[in-house]
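Protein chains: 2
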Amino acid sequence: MDKVIVHKYGGSSVATVSRIRRIAGNIVRYKKKGYDVVAVVSAMGDTTDELLTLANKVNKNPAERELDLLLSTGEQVSSAILAMAVQNRGYPAVAFTGFQVGIITDSAFTKARIMKINADRIKKELKQGKIVVVAGFQGMNLDMEITTLGRGGSDLTAVALAKSLDAEVCEIYTDVEGVFTADPRIVPSARKIRRISYDEMLELASLGAKVMQARSIEFAKKYGVRIHVRSSFNTKPGTIIMEEVKEMEDIYVTGVAVDKNEAKITICDVPDKPGIAAHIFSKISERNINVDMIVQNVSRQGYTDVSFTVSKTDLSKTVEIAKKVAREISASDVIIDDKIAKVSVVGVGMRSHAGIAAKMFKALANNKINIEMISTSEIKISCVIRARHAEKAVKTLHKAFELHKLKR
Amino acid sequence: MDKVIVHKYGGSSVATVSRIRRIAGNIVRYKKKGYDVVAVVSAMGDTTDELLTLANKVNKNPAERELDLLLSTGEQVSSAILAMAVQNRGYPAVAFTGFQVGIITDSAFTKARIMKINADRIKKELKQGKIVVVAGFQGMNLDMEITTLGRGGSDLTAVALAKSLDAEVCEIYTDVEGVFTADPRIVPSARKIRRISYDEMLELASLGAKVMQARSIEFAKKYGVRIHVRSSFNTKPGTIIMEEVKEMEDIYVTGVAVDKNEAKITICDVPDKPGIAAHIFSKISERNINVDMIVQNVSRQGYTDVSFTVSKTDLSKTVEIAKKVAREISASDVIIDDKIAKVSVVGVGMRSHAGIAAKMFKALANNKINIEMISTSEIKISCVIRARHAEKAVKTLHKAFELHKLKR
Chain A
1 MDKVIVHKYG GSSVATVSRI RRIAGNIVRY KKKGYDVVAV VSAMGDTTDE LLTLANKVNK
61 NPAERELDLL LSTGEQVSSA ILAMAVQNRG YPAVAFTGFQ VGIITDSAFT KARIMKINAD
121 RIKKELKQGK IVVVAGFQGM NLDMEITTLG RGGSDLTAVA LAKSLDAEVC EIYTDVEGVF
181 TADPRIVPSA RKIRRISYDE MLELASLGAK VMQARSIEFA KKYGVRIHVR SSFNTKPGTI
241 IMEEVKEMED IYVTGVAVDK NEAKITICDV PDKPGIAAHI FSKISERNIN VDMIVQNVSR
301 QGYTDVSFTV SKTDLSKTVE IAKKVAREIS ASDVIIDDKI AKVSVVGVGM RSHAGIAAKM
361 FKALANNKIN IEMISTSEIK ISCVIRARHA EKAVKTLHKA FELHKLKR
Chain B
1 MDKVIVHKYG GSSVATVSRI RRIAGNIVRY KKKGYDVVAV VSAMGDTTDE LLTLANKVNK
61 NPAERELDLL LSTGEQVSSA ILAMAVQNRG YPAVAFTGFQ VGIITDSAFT KARIMKINAD
121 RIKKELKQGK IVVVAGFQGM NLDMEITTLG RGGSDLTAVA LAKSLDAEVC EIYTDVEGVF
181 TADPRIVPSA RKIRRISYDE MLELASLGAK VMQARSIEFA KKYGVRIHVR SSFNTKPGTI
241 IMEEVKEMED IYVTGVAVDK NEAKITICDV PDKPGIAAHI FSKISERNIN VDMIVQNVSR
301 QGYTDVSFTV SKTDLSKTVE IAKKVAREIS ASDVIIDDKI AKVSVVGVGM RSHAGIAAKM
361 FKALANNKIN IEMISTSEIK ISCVIRARHA EKAVKTLHKA FELHKLKR
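Those protein sequence lines, which keep their order, are chains A and B.
For the first sequence, the numbering used here gives the first residue as 1, with consecutive numbering after it.
For the second sequence, the numbering used here gives the first residue as 1, with consecutive numbering after it.
No lab work stands behind these hints: they were computed from the structure.
Any given hint could turn out to be false.
Pairs count within a copy or across copies, as identical chains cannot be separated in the list.
Stated by the list, open to error - Straight line, CA to CA, 30 Å or less: simulated DSS-like cross-link-like pairs of lysine-lysine:
| id | residue 1 | residue 2 |
| --- | --- | --- |
| 1 | K32 | K368 |
| 2 | K111 | K395 |
| 3 | K130 | K60 |
| 4 | K124 | K192 |
| 5 | K123 | K111 |
| 6 | K130 | K32 |
| 7 | K236 | K33 |
| 8 | K312 | K3 |
| 9 | K359 | K222 |
| 10 | K192 | K60 |
| 11 | K33 | K127 |
| 12 | K407 | K32 |
| 13 | K111 | K324 |
| 14 | K57 | K236 |
| 15 | K33 | K222 |
| 16 | K60 | K124 |
| 17 | K127 | K111 |
Please model the complete structure; the sequences and the hints are all you need to start from.
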């Protein structure tokens, strides 16, 4: 077998017939280079949202099983059309749904997890010289029910297939040129990062960098799948997401990310007794809500304030729970603040270099940006600030860490 | 298990969200009557044509395998949406693709034949009290490839499931109220036929009555599946298609059909030698073209004219073959005539009653309608006439056989 390459094309890359034709050209280009090509596709443009709208017209709360049966058609259509476009260039191509290429998942409809992949069928087609196009985002459980992998699930399909096929690289084609030191729309001098570690990318993904879904990067890290994020509109090299190598640590900070999609909830005057915090957050997690940052004030006279952030999409559900819990524990009030932003710096170099946090706080202070909450990990420092300062903070930090000069 | 009923809803019946809601109501009505309901659906409105248009934009001649993968999504969408609409009325419903309910076909993509149905999954769901919605028109071959059953294939899905589930009746919901003695748009006094035999319906289907696909009726006849063709817009009884019973023979003619979709080809001055006709028509059938009527003139001086009709969609292909054959056999010319219509009378009573043909020819002659070709079967007489006389011919025959008084 030739060396295998997996391509993944997102919704915007297959939104129109002319874009699909161009992609077919790109696939053929790799075939001519001697690769066995497997292309994973998302649904065309806004198809998934349109199908959701249709479903909501007949049922505000449709069963997730039928929702998956419905949504999976989007990728089925684009895979068939892309295969036809490749055939039109005179190359043999064959399209498959997720279940046809043996992507077996659990039964968690709308957010299924891949249990195993039986890639024999794909290998057989590749051996016959065919280009294989696979509908992303979907699989089948052991009862032959069609499942979907959640938003961004096509990335996961691509990475998982790359692993099963022992592909040289998994190329994620998207509408950006790669991963940048900051959002170029905010910081014009932002630089494309040539190589980034899985861990850094994971922090950036969860921080709202939106290039790739965190689950796919975790999977790639676990199995050592090399990812190349690049543009579907040109052939410039993008960003390689890969295992960490020694030189990466020479750079303290690799990127600055900002996330305006969180809101802060404060429960005031919480009795400062053991088990109270556990009570609050277990009630929230029971409803499958992810809490991001948590800050508890210093106790005054046996009472404290507990603040935490959640995604804005979970805000109303969370407030409902917080109010109920506040009554139970006799807290005085629940305050909601959705005018916040979280700005973060990320870099594996932090592990071995002290003083990054101090430098970050000082840079923000010098620009009169007040820090309201702080959280850190081994390779990340995040600060919650006022939303109106978000862009200024990103520019400030990008400059302070000299990311416009980044060489990696 | 309760008694089972199979419903089939065509594309116009599921074209809009409000129609789907109404259909959900109809399904629930039968569930309340105590039936186990299996509903087979076509794609919404013009979905299939839209998908074909999309395919043709990337490839004028797409592979049939990928075409089936593409087209099958139309029914998958409508089955999911209809199930959601039923769920919205508070009844448990579950949607399936063709392959999920064990519809195994051969590998003739775009026109696959059902080889067998394993209805265990449907039976299990019905036993649990669920309403089962099935995507029509599709199945899977033994290699797990998605296949489609050809235009009108959803009727076949419904009839085949009715047989497998031993259903009481297979109700075909459509945009007409049933089968009429003639097209009511041509003959306002046309009557709905309450009961019609499979054989009569087969003749009418192939004659352009367009209510149901011939293949589904053949299947129903073979396995004795009772069909009820009725309107999806009201609850009036429609037409039962069933095994022939004695009383049916009391009516000589049951319906008048007209078909303007054929064209006539004449090969002139064909040497009148044994084997020449066989040569002509084997060349045509090799290209999978169905010839309908064939007429050969009386030979004059060792030469004859051979005329035959084919569907207009096959005309250009057929002419190409006819011209080639004409050269080979030294015939003088090939004449094309696409201004013809075929008018037919159908009825099982013809078998036991003489004089129907004479009555038909006389009625046409009295109205100055010239007959150009004639063909007959046991229960049908067809005449080719000028297309401009088509409607007059239908009215004339409807009156001559007193079909406005039909009691069956």
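Verification of the supplied hints:
Taking the shortest Cα distances, K32 and K368 never come within 30 Å of each other, neither inside one copy (56 Å) nor across copies (69 Å). For a Cα distance limit of 30 Å, the shortest separation of K111 from K395 qualifies neither inside one copy, at 36 Å, nor across copies, at 61 Å. For a Cα distance limit of 30 Å, the shortest separation of K130 from K60 across copies, 20 Å, qualifies, whereas the shortest one inside one copy, 43 Å, does not. Neither within a single protomer nor between protomers do K124 and K192 lie at most 30 Å apart by alpha-carbon distance, with minima of 38 Å and 56 Å respectively.
For the identical chains of this complex, K123 and K111 are neighbours both inside a copy (27 Å) and across copies (28 Å), given an alpha-carbon limit of 30 Å. In this assembly of identical chains, the alpha carbons of K130 and K32 lie at most 30 Å apart only when taken from the same copy (12 Å versus 52 Å across copies). Within a single copy, K236 and K33 get their C-alpha atoms as close as 17 Å, which meets the 30 Å cut-off; across copies the closest is 65 Å, which misses it. Taking the shortest Cα distances, K312 and K3 never come within 30 Å of each other, neither inside one copy (44 Å) nor across copies (50 Å).
Proximity of K359 and K222 under a CA criterion of 30 Å is satisfied in neither setting, with 33 Å inside one chain copy and 84 Å between copies. For the identical chains of this complex, K192 and K60 are neighbours neither inside a copy (42 Å) nor across copies (40 Å), given an alpha-carbon limit of 30 Å. With identical chains, the CA atoms of K33 and K127 are at most 30 Å apart within one copy only, with a shortest distance of 16 Å there and 56 Å across copies. Within a single copy, K407 and K32 get their C-alpha atoms no closer than 32 Å, and across copies no closer than 71 Å, so neither meets the 30 Å cut-off.
Only within a single protomer do K111 and K324 lie at most 30 Å apart by alpha-carbon distance; the minimum there is 29 Å, versus 60 Å between protomers. In this assembly of identical chains, the alpha carbons of K57 and K236 lie at most 30 Å apart only when taken from different copies (28 Å versus 43 Å within one copy). In the homo-oligomer, the alpha carbons of K33 and K222 lie at most 30 Å apart inside one protomer (29 Å), although the nearest pairing across protomers, at 56 Å, exceeds that limit. For the identical chains of this complex, K60 and K124 are inter-copy neighbours only, at 27 Å across copies versus 43 Å inside a copy, given an alpha-carbon limit of 30 Å.
In this homomeric assembly, K127 and K111 come within 30 Å of each other (Cα to Cα) only across copies, at 29 Å, whereas the closest approach inside a single copy is 32 Å.
Of the numbered hints listed earlier, those contradicted by the structure are 1, 2, 4, 8, 9, 10 and 12.
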